[in-house]
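From just these sequences and the hints, can you work out the full model?
2 protein chains.
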Amino acid sequence: MWAMKTLNVDLGNRSYPIHIGSGLLERPELLRPVLRGQRLVVVTNETVAPLYGDRLRALLDGHPLTWIELPDGERHKTLATVESILTRMLEARLDRGSTLIAFGGGVVGDIAGFAAAIYQRGIDFVQVPTTLLSQVDSSVGGKTGVNHPLGKNMIGAFHQPRVVVIDTDTLRTLPVRELRAGVAEIIKYGLIQDAEFFAWLEEHLEALLALAPDIVSEAIQRSCVCKAEVVASDERESGRRAILNLGHTFGHAIEAGMGYGRWLHGEAVGTGMAMAARMSEHMGWLSRSDRERAERLLARAGLELHPPAELTAERFRDLMAIDKKVMDGRLRLVLLRGIGSAVVTGEFTATALSATLPAPSGDSAGAA
Amino acid sequence: MWAMKTLNVDLGNRSYPIHIGSGLLERPELLRPVLRGQRLVVVTNETVAPLYGDRLRALLDGHPLTWIELPDGERHKTLATVESILTRMLEARLDRGSTLIAFGGGVVGDIAGFAAAIYQRGIDFVQVPTTLLSQVDSSVGGKTGVNHPLGKNMIGAFHQPRVVVIDTDTLRTLPVRELRAGVAEIIKYGLIQDAEFFAWLEEHLEALLALAPDIVSEAIQRSCVCKAEVVASDERESGRRAILNLGHTFGHAIEAGMGYGRWLHGEAVGTGMAMAARMSEHMGWLSRSDRERAERLLARAGLELHPPAELTAERFRDLMAIDKKVMDGRLRLVLLRGIGSAVVTGEFTATALSATLPAPSGDSAGAA
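In the order they appear, the protein sequences are chains A and B. 1 is the number of the first residue of the first sequence in our numbering; add one for each residue after it. 1001 is the number of the first residue of the second sequence in our numbering; add one for each residue after it.
The hints are simulated quantities; they were obtained by calculation from the structure and are not laboratory data. Any given hint could be a false lead.
Taking beta-carbon pairs under 10 Å as the criterion, some of the chain B residues facing chain A (in silico) [stated by the list, open to error]:
#	residue
1	D1061
2	L1065
3	T1087
4	K1143
5	A1157
6	R1317
7	A1321
8	K1325
9	R1330
Part of the chain A face toward chain B, derived, beta carbon under 7 Å [claimed, not checked]:
#	residue
10	R55
11	L90
12	R93
13	I118
14	R121
15	A157
16	M320
17	V326
Virtual Cβ for every residue (Gly too), placed ideally from N, Cα, C.
Below, the structure written as structure tokens:
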């Protein structure tokens, strides 16, 4: 039996706790300290609501609830969906003292968090993430937002939750693809800053995929510690926080290029990390054996090591040019200096990038 | 000849200067310290651009510019307009190091500031307000946002500009209705917290309306000092900042009830302040002679003292119920305890409110 663990994300007057454990959806005392007003709005989706909606309703018993169910999937992560939420909130006369509860995976959290950030210029919100990926990544750190047809997460805000409640029981109904997508982000923490955690994952990966309770809880906890530590050192991503984007520039290009929703975010990041590892080896920054360790662990998690054949190098370059890490027109990437050591840099060679992108399909290729 | 004055809005690491004076659109050195990246986006409108666009282009000479002209008017202050700006910015490949320049009145500033707040989770922006109202009000304090069909300014963010440049020369082309709307907000500062400024306005109102240079600059400067001081004490409006909303709850109801754009914001606030003064007298908080002073000064500025006949008391109550100052379902209003002294309170009598709203039109009236 794994007891509840509580971490604190240290952000001055925006600090908040993350509670991790089994059965937490039956513990109303975890939410009580942050529910200032009586009125609550729950934003969830059509997949999560039938599975765990009753538990959340019971947890919030006594509060007037506005219950909003979104269609499931990344392709609904749009400004139009946010607007529909804001309309429902206004119709329900929710005021600035109301609290929004995001109940679902990363897509729900990003959309709902952004709605909370801009409703009446910002109201409190709570994250109750129900997928592995959202539990280890998107529910920690305050990034909220939606996609634009021209780029992923291009519209958004930094808005910290008041509390994050992670009930690991919700993972039991998670499809295997989603599980693997979450494991990709867990592997990321090992790669970017915790070689010891990476080695622990090499030892426990199959148990993690099999949802062995102690292993799952420990993996989530160590991931959240990693992320909370990076976020606390650089809340608004003026520097170091960008290392959390290992694999994301390549990954976002895959997601956008294939059409949002066809590849899961974590799946695309997994492939992006394999690409970043190979590019780091090309730069002479990562040893061959460490590149192989990275690829091997990603493969064991069921992740693709290579981007889909439909995406050409040209399309990659085009999609990567609007990455948020671009500064004054210059692309920057997160690369590895070793297992457990990432850098954000624009100092890479055109050759290394070209070698990492798919081989050109014809004569027109090769523009730097 | 009025020299340039510079005020500082004190908000820790979000502090910024406000420069006020004549000819400031010819002084590039005022912007230079804050333009980190090379790429700039200017958001202006179809009225301001033909008049002063060339001056701004000359001021920004040497920077690659994305130039966005919005249609003029409050009815375009919508999320759809913000989305169109974000699309243009993405098409131009603007990155996080880019700076947005809001060039126009309050509507342009609110829309453009909000676009800056949510583009890639926030980029720098600069306010160059060109109307009296935006110079004394909306360009100071970091409130950005747009309207929703169900309520004014219901969608938005707090996002502080890096610098505000107020060139008083732009007032020479301002229509008289807009001038009066700006004077309404100037009178507001006297009413809420500066009895001495109120008395100064009683002395100089006609010179202000005639745009006597020294009087205009002094009025803007004193207004910005007032506002900056209130904002610095309560950036996110958890308390005292709400006094800046004197006349706004009634005023927003007038704007929304009449259809955005028919009444100018400042005109509606002027009428709302007269209503608040009468209600304060009903409560026994404002003397008859002070209520008369308030009404007299507003009337001299050409503002209406009474709401339009089309708006019933029932419609007022309905529109006021979604005001952002509502807390846990309870309406709060800004009322006067004297000239120069405002309070935010839910402690008013139903009788005083009823007496302030238009007389009921028939039998169905009187619901509290």
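**chain B contact restraint for R121(A) - C-beta distance below 7 Å** = Since chain B brings a Cβ to about 5 Å from R121(A), closer than 7 Å, the hint holds.
**Asked** Would the hint on L1065(B) stand, with a C-beta cut-off of 10 Å toward chain A?
**Response** At about 15 Å, which exceeds the 10 Å cut-off, the nearest Cβ of chain A leaves the hint on L1065(B) violated.
**Status of the hint placing L90(A) at chain B (closest C-beta pair under 7 Å)** = 4 Å, holds
**Message:** Quick check on A157(A) please, does its C-beta sit within 7 Å of some C-beta on chain B?
**Reply:** 6 Å, holds
**Request:** Could you check if K1325(B) really has its C-beta closer than 10 Å to a C-beta on chain A?
**Result:** Where the cut-off is 10 Å and the nearest Cβ of chain A is about 8 Å from K1325(B), the hint holds.
**Asked** Should the hint that R1330(B) touches chain A count as held when the rule is a Cβ pair under 10 Å?
**Response** 9 Å, holds
**Item:** Per-residue hint verdict: A1321(B), partner chain A, C-beta under 10 Å
**Value:** With Cβ-Cβ at 6 Å, under 10 Å, it holds.
**Item:** Hinted contact I118(A) with chain B - closest CB pair below 7 Å
**Value:** Nearest chain B Cβ about 5 Å off; hint holds.
**Message:** Under 10 Å is the threshold here; is the Cβ of T1087(B) close enough to any Cβ of chain A for the hint to stand?
**Reply:** Status holds, d = 7 Å.
**Message:** Using the nearest Cβ pair, does R55(A) come within less than 7 Å of chain B?
**Reply:** 26 Å, violated
**Message:** Interface hint check: R1317(B), Cβ to nearest Cβ on chain A, cutoff 10 Å. Holds or violated?
**Reply:** 13 Å, violated
**Asked** Regarding the hint that R93(A) lies at the interface with chain B, is the smallest CB-CB distance below 7 Å?
**Response** 6 Å, holds
The structure is inconsistent with the numbered hints 1, 2, 6, 10, 16, although it conforms to all the rest.
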